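**Student:** Each chain, written out:
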Amino acid sequence: MSTTTITRPEKLVGKRIRRREDPRMITGTATYVDDIKLSNMLYAAMVRSPHAAANIRSIDTSKAAALPGVTAVYTGVDLKDVGGVVCGVDLPGLRKPHHTVIATDRVYLVGHTVAVVVASDRYVAADAADLVEVDYDVLQAVADPEKALAPGAPAVHPQWPDNIAFTFEQKGGDVDTAFAQADVICKQRMISQRMVANPMETRGCVASWHAADRAMTFYTSTQIPHLARTILAGMLGLEENRFRLIAPEVGGGFGCKLNVYAEEAIVAFISMKLGRPIKWIESRRENFLTTIQGRGHVDYWEIAAKRDGTIVGIKVKIIQDLGAYHQLLTPAIPTLSVLMMPGLYDAHNIHAEIVGVFTNCVPTDAVRGAGRPEATYGIERMVDILAAELKMDPAEIRFKNFVRPDQFPFATATGLNYDSGDYANTFHKALDMIGYKRLREEQAAARKEGRLVGIGISTYGEICAMGPSPAVAAGGWESATVKVEPSGKVTILTGISPHGQGEETTFAQVAGDELGVPIDDILVLHGDTSIVQYGIGTFGSRGTAVGGTALYLALQDIKEKVVRWGSMLLDSSDVRFDGGHCIDNATGKSVSFQTIAAAAYRAMKIPAHSEPGLVATRFWEPGNFTYPFGAHIIHSEVDRETGQVAIKRYVMVDDIGNILNPMLVDGQLHGGASWGLGQALWEHAIYDDTGQLVTGEFMDYALARARTMPWIESDHTCTPSPVNPLGVKGVGEAGTIGSTPAMVNSVIDALSPLGVTHVDMPLTPEKLWKAINQ
Amino acid sequence: MKISGAAQLPFTPERTYELMRDPAVLARAIPGCEALERTGDNEYRMKMKMMLASFSGAFEGKVRLTDAVPPTSFRMVVEGSGKIGFMKGEGVLTLTAKDGGTEVAYDGDAQIGGTMAAVGQRLIDTTARMMIKRFFEKVAVEE
Amino acid sequence: MIPNTFEYTAPTTLKDALALVGDGGKPLAGGMSLIPMMKLRMANPEHLIDLNRIVELNYIREENGELHIGANATHYDIETAPLILGKCPLLAETASFIGDIQVRNRGTLGGSVAHADPSADFPAALQALEAKVVLTSSAGSRTVPVGDFFVDTFTTALEAGELVTEVIVPVEAGLTGTSYQKFLQPASGFAIVGVAARVRREAGKITLARIGVTGVGGNSYRAGKAEKALEGTSGSEVEIAAAAKLVGDGIEASTDLHASAVYRLHLASNYAARAIHAALSRTV
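Those protein sequence lines, which keep their order, are chains A, B and C.
Once you know that position 502 of the first sequence is 502 in this note's numbering, the rest is easy, because the numbers rise by one and skip nothing.
Once you know that position 81 of the second sequence is 81 in this note's numbering, the rest is easy, because the numbers rise by one and skip nothing.
Once you know that position 103 of the third sequence is 103 in this note's numbering, the rest is easy, because the numbers rise by one and skip nothing.
Simulated from the structure, these hints should not be mistaken for lab results.
Watch out, some of these pointers could steer you wrong.
[As the list claims (entries may be wrong)] Covered stretches of chain C (in silico footprint by chain B; criterion: 3 or more residues with CB under 8 Å from a CB of chain B, positions within the stretch not fixed): (1) 37-51; (2) 148-154; (3) 255-261.
[Stated by the list, open to error] So the derived list for chain A, only partly shown, Cβ under 8 Å to chain C, looks like this: (4) LEU523; (5) THR642; (6) ALA702.
This one's a predicted model, so the numbers in the text were calculated from it and none came from an experiment.
Glycine included, every Cβ here is placed at the ideal spot set by N, Cα and C.
Chain A extracted, bound-state conformation (with noise of 0.2 Å):
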């Protein structure tokens, strides 16, 4: 006992703090699941159909049987009795095809499974995968959601010929007086295209099935060990406490590592047959070809309003592309687009439709923004749209149309209650950042000139942290374990599932400013679902915002055991807890939070009404989403002569509520900014005609790089979330939703001169000399 000055810690939260997850990474000594090497471990590799629609007439795997090294070969029938690939979806009247974990008589996508070689190393299994002979009797494909729903297109489930998996319909107020009310109407088609998710790691999983304990140890790439362990576990008839999922380091998800693949199951079938370890690793053009994509949207915007600006009235028909099959959450997506259809402004009728469509190509499903990007693309251009055809600045109806401060909690028509925002102070941050009266009076000296210079505006509005559970498809509440350990030390077991999102920095910070212990004090624990409690996983921007308050709920609750064992300590009621320290108020005795940590587990004495040891649980169940915001602007201009696209500001303000790394929200805006650049400008997956994906490759398909990012200046408003005591609100994907309609906006405010009104994305420069020239 002492009676100290306290030298309190330094605040940890708001500081840009360097995460302690780097130097396992960046030495090149962090474990991902193809470091995983089991003995005795046996390599898959898979065969896949190079058609994308055809019957399989026979498969021989003799030769790849025979051939030395090789353990053992199976096809769709040796597999039958594992469960279907799941998709948590419940929509009314979906059509959910059953989907094999390897094809029997019929396969539906390139790249679809048609069996798998075991083999003592990956060469020989590639060799192996190689000699399978399957004689295919080739069917005519489609791979364009438009063309499947013509009449007399193919059928890819021959049961469904008109290629509709459901219809969706949502209406909000009364938007047929509205729309016959209006002043003008403007309609625009718009594309959202197909996109790769691209985690720098693909893919892949090691099962280990011990049949003595009826036990499996599960390693796999994922964003969701708990719901994928669940799964899983069900797929194969296992016992769900029996098998242990592991997420080892994870080399990034955005979204498409959300789910439980055909592959998972496989190999942990094989594992269990052959009872050795078997590993599977997937190369990049099986990624392109085989891991879920994003958006694959046509939609059919209007928008109604008065004369003077005032949005009356927004109407949306969506096509989705859904792919061959449902994945985990895939006919779900578009539902999101619905929701956040009326953007930040205050349009009380809305009419949505959605048409999910079949086609013969990989699944859509949740990637990066996972149906906001898509929606805020279609509002953001319809108000640009609007604005244009009304002679009106696009800034000045903006503001006209905004949700007000004195709203707030505002109810959509949409069925969401925004939680905060002030989305007129954030936007004329951001046009004053830009300087926005000087930029357009230069725009207008440049196109006496005949420059085509342009400035784009995006004012976006985001719904994450998913999510309350009745909205969310597995639950959407969050656990967090808060352990300390007799020597003070404190381990974190939380249940979502970091990869690259940086909590085991973020949640250590949270966690020395509550408990007043040194940031290297605290360790964070994830993924293994025999040391964490079960919990829902990474995605949708939920990891602070939800899995942050259930730690920081769990960190309450020590900090209440703590007061009690300082009480009984220093032999006083009037104590506060306070830089790490238990005082007595009058004495100013004190007791530092490890000498209580050693007494709680000594427990030579322990206070009334507690218990010895120092561990909390909590389970958090959100009870709204949370609703980020802010404006993007980008002032491009276009090389007449080859319709090249320069950046040449790129301003940001976004309102993400608190910030706990301002250095970790850099990165992600930065990161979300180059998908949605890439979607404006670069990225397409492209399907042709037979289904075939004719951009597998990186030497086709066009990331960002270093060298093609712009500079992007970036700032904070910040209006905290009422929804969690942490008042933050996620900001994952916010870059991403709110870069992509203001590089769009730009390049089309650059060529409206020209009469230019709409060009779909990707903005290649081959489309935008096209415009030019039209």
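For this one, chain A is given, so just place chains B and C on it according to the hints.
**Tutor:** Leaving out everything else, chains B and C in the frame of chain A:
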């Protein structure tokens, strides 16, 4: 993708027609063709090895000659599949007397799939045209 | 992503390499094109002959008004060698556009030339330079002008058993102005269009114009009509534009995912004008 063009051969249309429907000539002229074995009326099984710079791929497939209108036109379908992918080309060939010889105009479609399609997009156009050019060069030196 | 099985030998002398290549071995230089193709199993050589240990093929020297560059000189070597920067800057400038740093550290001039990729950068510069290529087999050497060397898509004058061992370029610094201008395919970085211009101006008139083009058609070429249109003029904007318009004349441009034939030809003119303009600005 669409393929169309024309080549000039130093024979009469009748002789050109005869040559281009002769499997022995086709076997010599189709680049990389190792064997052309008759499987039916104007239908042949084909084994070919495509060698282009470092690329090499063995293909097995079919050649079919249909819609014969001697000596003016016929349709040729060439299909092949191998480890690096598959291809199917179909086109109508039209022969016209020109400049003391025959102009063979071709107009058709080609489909590529598999690895070749996914990673070789930029080469498909130039490779296809080069193979067609070589084909006609080889036919041209027949007697 | 795993190659088929192959034998591998790394000879240390040219003589040994030629014997192995003469026996049917597949030469491996930088591997920047071959190895990806092998990993996709689109190339399946039975015996790889790694040329990278052959020190005698790595040199850059000046002889009789020409630079002799050994086939194993890397793109990085060429980008940075003082002799090339000083005496044949077009080659250094072109090398700097190839791929990225890793590719330039490994890729070689000989490999690039022997591979004859229709979108490679060096062929355009070598055409404009009227370079010569030395081909060597166990039976001896022969020298082929670059215009005769690049025959078609991935097709060169190399016979079985021959290796490219040297490339020869003229030393004209001070007399000619040169420039390489490239429109990059955004994913691969290959040239959708690349134009190398080499010009000589004397007494206000262009006395020599050589324009090498890559990426437009099946293989690189010299834009003869554009060259002739430029020679004898004073190189005004109008004259440059008129010559540049001819740069795609008679060429069957290719169409692919990234550029149609029409757009390629348009870019060829546009980039030819840029290259000519920049080259002229570098003449004395």
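**Student:** Now look at each hint and say whether the structure bears it out.
**Tutor:** Right, here's what the structure says about each hint:
By the rule of at least three residues with a Cβ nearer than 8 Å to a Cβ of chain B, the coverage given for the region 37-51 of chain C holds, with 8 such residues. Only residues whose beta carbon comes within less than 8 Å of a beta carbon in chain B count, and the region 148-154 of chain C has 3; three or more means the coverage holds. Residues of the region 255-261 of chain C lying with their CB closer than 8 Å to a CB of chain B number 4, which satisfies the three-residue condition for coverage. With a least beta-carbon distance of about 36 Å to chain C, the hint placing LEU523 of chain A at the interface is violated under the 8 Å criterion.
With 8 Å as the threshold, the beta carbon of THR642 of chain A comes within range of chain C, its nearest partner Cβ sitting at about 6 Å, so the hint holds. Interface hint status for ALA702 of chain A: upheld, as the beta-carbon distance to the closest one in chain C is roughly 4 Å, under 8 Å.
Consistency note: the structure conflicts with earlier hint 4 alone.
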